[in-house]
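Protein sequences appear in the order of chains A and B.
Residues in the first sequence are numbered from 0 upward in steps of one, following numbering that gives the first Met the number 0.
Residues in the second sequence are numbered from 0 upward in steps of one, following numbering that gives the first Met the number 0.
Do not rely on the hints blindly, as some may be mistaken.
Listed below are the simulated SDA-like cross-link pairs for lysine to any residue, each with C-alpha atoms no more than 20 Å apart in a straight line [claimed, not checked]:
1. B:Lys-94 - A:Lys-90
2. B:Lys-90 - A:Pro-226
3. A:Lys-508 - A:Lys-340
4. B:Lys-94 - A:Asp-225
5. B:Lys-94 - A:Gln-167
6. B:Lys-90 - A:Pro-156
7. A:Lys-213 - A:Tyr-151
8. A:Lys-72 - A:Gly-125
9. A:Lys-213 - A:Ala-233
10. B:Lys-2 - A:Lys-72
11. B:Lys-90 - A:Asp-227
12. B:Lys-69 - A:Val-196
13. A:Lys-515 - A:Lys-359
14. B:Lys-104 - A:Ala-218
15. B:Lys-69 - A:Asp-164
16. B:Lys-94 - A:Ala-228
17. B:Lys-90 - A:Ala-218
18. A:Lys-568 - A:Lys-656
19. A:Lys-90 - A:Ser-185
20. A:Lys-439 - A:Ile-502
21. B:Lys-94 - A:Val-229
22. B:Lys-94 - A:Lys-515
23. A:Lys-204 - A:Ala-218
24. B:Lys-94 - A:Leu-166
25. A:Lys-515 - A:Tyr-462
26. B:Lys-90 - A:Asp-225
27. B:Lys-90 - A:Ala-228
28. A:Lys-359 - A:Lys-340
29. B:Lys-94 - A:Phe-466
30. A:Lys-515 - A:Val-445
31. A:Lys-280 - A:Arg-325
32. A:Lys-340 - A:Asp-382
Worth flagging that the hints you see were computed from the coordinates, not collected in a lab.
Please read all numbers here as calculations on a predicted model, not as lab measurements.
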Amino acid sequence: MNLDPVIQGFLEEAEELLTDFEAALLELEADPANPEILNRIFRCAHTIKGNSAMLGLDRVARFTHVLEDLLDKLRQREIDLSPPLVETLLKSGDALKELLIETKTGASGKHEWHEELLKAIQTFAGSETSPAPGMPASASLSEGAQTLYEIYFAPPPELMRRGLDPLQFVEALARAGQLLQVTPDSGQLPSLLEMEVERCYLHWKIWLSSSRAKTELEACFEFVGDPDAVSIDALSFDDDGETEPEGRAAQSLTHLNSKIETRNAKPETIESGSIRVSIDKVDKLINLVGELVITQSIVAQAVANYSPDKLPVLEEAVAQMDRHARELHERVLTVRMVPIKTLFSRFPRLVRDLAASVGKQVALEILGEETELDKTVIEKIGDPLTHLIRNALDHGIEAHEDRLAAGKPVTGRVRIEAYQRSGNVYIDIADDGRGLDREKIIAKAVQNGLATAEQELSDEDVYALIFHPGFSTAAKVTEVSGRGVGMDVVKRNVETLGGAVTIQSERGKGTRFRIKLPLTLAIMDGQALQVGEQIYILPLVAITESVRPKRGTVHWLTGGVEVIMIRDKALPVLRLHRLFGVRPKSEDPVDGLVVIVEHEGQQVALLVDELLAQQQVVIKSLETNFSKVDGVAGATILGDGRVALILDVPGLVLLAKGMDAAREINRIGQKAA
Amino acid sequence: MSKLALVVDDSTTMRRMVGMTLREAGFEVIEGANGQEGLSRLDGRTVDIIVTDVHMPVMDGLTMVQAVRKRSDHRFTPILILTTEFSDEMKRRGKEAGASGWIVKPFNPHQLREVVCRLLRLPYDPPAEAKAV
Numbered sequence: 000m001n002l003d004p005v006i007q008g009f010l011e012e013a014e015e016l017l018t019d020f021e022a023a024l025l026e027l028e029a030d031p032a033n034p035e036i037l038n039r040i041f042r043c044a045h046t047i048k049g050n051s052a053m054l055g056l057d058r059v060a061r062f063t064h065v066l067e068d069l070l071d072k073l074r075q076r077e078i079d080l081s082p083p084l085v086e087t088l089l090k091s092g093d094a095l096k097e098l099l100i101e102t103k104t105g106a107s108g109k110h111e112w113h114e115e116l117l118k119a120i121q122t123f124a125g126s127e128t129s130p131a132p133g134m135p136a137s138a139s140l141s142e143g144a145q146t147l148y149e150i151y152f153a154p155p156p157e158l159m160r161r162g163l164d165p166l167q168f169v170e171a172l173a174r175a176g177q178l179l180q181v182t183p184d185s186g187q188l189p190s191l192l193e194m195e196v197e198r199c200y201l202h203w204k205i206w207l208s209s210s211r212a213k214t215e216l217e218a219c220f221e222f223v224g225d226p227d228a229v230s231i232d233a234l235s236f237d238d239d240g241e242t243e244p245e246g247r248a249a250q251s252l253t254h255l256n257s258k259i260e261t262r263n264a265k266p267e268t269i270e271s272g273s274i275r276v277s278i279d280k281v282d283k284l285i286n287l288v289g290e291l292v293i294t295q296s297i298v299a300q301a302v303a304n305y306s307p308d309k310l311p312v313l314e315e316a317v318a319q320m321d322r323h324a325r326e327l328h329e330r331v332l333t334v335r336m337v338p339i340k341t342l343f344s345r346f347p348r349l350v351r352d353l354a355a356s357v358g359k360q361v362a363l364e365i366l367g368e369e370t371e372l373d374k375t376v377i378e379k380i381g382d383p384l385t386h387l388i389r390n391a392l393d394h395g396i397e398a399h400e401d402r403l404a405a406g407k408p409v410t411g412r413v414r415i416e417a418y419q420r421s422g423n424v425y426i427d428i429a430d431d432g433r434g435l436d437r438e439k440i441i442a443k444a445v446q447n448g449l450a451t452a453e454q455e456l457s458d459e460d461v462y463a464l465i466f467h468p469g470f471s472t473a474a475k476v477t478e479v480s481g482r483g484v485g486m487d488v489v490k491r492n493v494e495t496l497g498g499a500v501t502i503q504s505e506r507g508k509g510t511r512f513r514i515k516l517p518l519t520l521a522i523m524d525g526q527a528l529q530v531g532e533q534i535y536i537l538p539l540v541a542i543t544e545s546v547r548p549k550r551g552t553v554h555w556l557t558g559g560v561e562v563i564m565i566r567d568k569a570l571p572v573l574r575l576h577r578l579f580g581v582r583p584k585s586e587d588p589v590d591g592l593v594v595i596v597e598h599e600g601q602q603v604a605l606l607v608d609e610l611l612a613q614q615q616v617v618i619k620s621l622e623t624n625f626s627k628v629d630g631v632a633g634a635t636i637l638g639d640g641r642v643a644l645i646l647d648v649p650g651l652v653l654l655a656k657g658m659d660a661a662r663e664i665n666r667i668g669q670k671a672a
Numbered sequence: 000m001s002k003l004a005l006v007v008d009d010s011t012t013m014r015r016m017v018g019m020t021l022r023e024a025g026f027e028v029i030e031g032a033n034g035q036e037g038l039s040r041l042d043g044r045t046v047d048i049i050v051t052d053v054h055m056p057v058m059d060g061l062t063m064v065q066a067v068r069k070r071s072d073h074r075f076t077p078i079l080i081l082t083t084e085f086s087d088e089m090k091r092r093g094k095e096a097g098a099s100g101w102i103v104k105p106f107n108p109h110q111l112r113e114v115v116c117r118l119l120r121l122p123y124d125p126p127a128e129a130k131a132v
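Modelling step: build the complete structure from the supplied sequences, incorporating the hints.
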């Protein structure tokens, strides 16, 4: 019997509730009369109060109790909403977050401002409320007489052979109480080859809140016919049936407290080890695994008593397995995908507070928050995004008088938008502020030795300079964005995730940062290419087309650049065999193929010998095992065991452009030093 | 589409009672008077659930259950055995034969319906009077 998971679950839920609490408060500011929003806010506090009281988290319970009281009055229209009240409520959310973090880490700091806040809340509520903050805990326990059960159900593997669907037992439990959580445990799942489709390998962990006795719940599992298959633990208290309800409640509370104390004794982080996946996704996975197993048994059978006439069966089955494996792979990836909303929901508050601190009026617009992204990516992109938003507010949006002078509305606009396009997720952070100042950037770069005054730099190159470590043009250092630290970190963080940042800016109109991120980090669709004896992989998304060059379409230009004419457009040609020092089948482009790849709107034609199959490849990092190679993003292992290099399209485009801007800058920088 | 149930019992009264209970719950019911008959009723059709007595002439219930489990189309069909004998030994033998569950005679119709619905994962709302029983 372990309470940790309950508290963990509570913390995760409470965190979500607080996020909504805050979001709803901000909405309420714009729409003060909306009863729906008020109800939402109330429900958040109410749920946290109830749960924390049940778990014996007194400080949280006490705080939310007072808060709930105020919210109830607000909801009943006994008091009116005012800006200071909203401020107080927002602060209450912050205080609760602190308390939750302390529950998490086991620390127990003393916060005088919490007490002040509580007093403020009570003043708003008309003060003579809620005499006994300690009371709600015991009250909520005794009134329900519900017991929280943790049930572990490990069905015997042959259960399904007796015509028993394991889910019926869960359903029976659902009728005996309220299912709080059902977690499948796939730890017993063998490898595909060893799996027998008729055996049940899944176990379940179930939290049930029920007024029934343990024996009644055990009866739900009667047909399993194996007492060892089910363990039922009462989490709230041991049901001795003797003591009075109040006594039991008190007893259980002490019990819980001691539990929590032991938990607190060993501080541990509970940081996002878990992920919420919709049942729908899980069901589809289970279905697919089932199909895969069936096909696998067909293959096994065909192989076991093989004769040449079985070949068609085998081929069909292999093709099917291939389809299933592909689909399974796609679906498994979606398990890690969570809506970016979880991240975006922080921003309204951030923008509100920042705008206030720099004395600007800013309206935030958020779009595409349903866009899904790998959970790891979402966790890591939070800081860079926050930084870009700070920048937009601090440097992008002008002060009131400047905006008026420029004929713009006083309220600045910041727009955050996420969307998915061709295998990537894009996040745009755009402001309608003053735009980047090209001249200022160049001046600063020259001053820092990052560029020379004579250099002809495109806008792109100039903007790239601000990502250089230690670069800052902000004449005035503000509390908000600090000095110069950040943009290089932003770029580095995004690149670690396999993404890229680009900037578009127009003087006086605004700036847009565009972050491009891969959907996932581990696997990609690749196109295999043959060059001589070697095989290379190109990310499929980067390929726009491939053509067999006609004689007379490939030309040498002065300066040693080779180009190919495609539909009246000259594209630089990169001969992969030269780049990698491989002997090709033929030096004549007409004997080979050119594959046209695109990155950030720039196209390059890669000359290869042959296109091979398209396949999904698992990306292995070259840098962790070897070292960085220009034009190579990583390596993968092919079906026949050979290693193939994965080409880095952005890198190739840069190589083709003949100038790797970053390296050029480095070179100049080193010279200057 | 209504579900099809096979009821096997040598007692006509019992068959009728079980049959009636299931028909009331919306099932279509076919019947057999012993294990052998029960098996032959499965020829050429698939049923959704089988409810069978244990002690029967010609072929007993458990033998029938074993035979049913060998048929590819009924390997996973829920089979409920009706028994007067509620012992661990009986449960063990039932399980080994491949039965899904058991009900001890005498039982009331609601109990039967509730168990059948549970095995088939169908929704079941017990009528008010049943809750009192």
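Results of checking the hints against the structure:
no.	hint	verdict
1	B:Lys-94 - A:Lys-90	violated (61 Å)
2	B:Lys-90 - A:Pro-226	holds (12 Å)
3	A:Lys-508 - A:Lys-340	violated (28 Å)
4	B:Lys-94 - A:Asp-225	holds (10 Å)
5	B:Lys-94 - A:Gln-167	holds (17 Å)
6	B:Lys-90 - A:Pro-156	holds (18 Å)
7	A:Lys-213 - A:Tyr-151	holds (13 Å)
8	A:Lys-72 - A:Gly-125	holds (9 Å)
9	A:Lys-213 - A:Ala-233	holds (8 Å)
10	B:Lys-2 - A:Lys-72	violated (54 Å)
11	B:Lys-90 - A:Asp-227	holds (15 Å)
12	B:Lys-69 - A:Val-196	holds (16 Å)
13	A:Lys-515 - A:Lys-359	violated (29 Å)
14	B:Lys-104 - A:Ala-218	holds (18 Å)
15	B:Lys-69 - A:Asp-164	holds (18 Å)
16	B:Lys-94 - A:Ala-228	holds (14 Å)
17	B:Lys-90 - A:Ala-218	holds (14 Å)
18	A:Lys-568 - A:Lys-656	holds (16 Å)
19	A:Lys-90 - A:Ser-185	violated (42 Å)
20	A:Lys-439 - A:Ile-502	holds (16 Å)
21	B:Lys-94 - A:Val-229	holds (17 Å)
22	B:Lys-94 - A:Lys-515	violated (58 Å)
23	A:Lys-204 - A:Ala-218	holds (17 Å)
24	B:Lys-94 - A:Leu-166	holds (18 Å)
25	A:Lys-515 - A:Tyr-462	holds (16 Å)
26	B:Lys-90 - A:Asp-225	holds (10 Å)
27	B:Lys-90 - A:Ala-228	holds (15 Å)
28	A:Lys-359 - A:Lys-340	violated (25 Å)
29	B:Lys-94 - A:Phe-466	violated (70 Å)
30	A:Lys-515 - A:Val-445	violated (29 Å)
31	A:Lys-280 - A:Arg-325	holds (16 Å)
32	A:Lys-340 - A:Asp-382	holds (15 Å)
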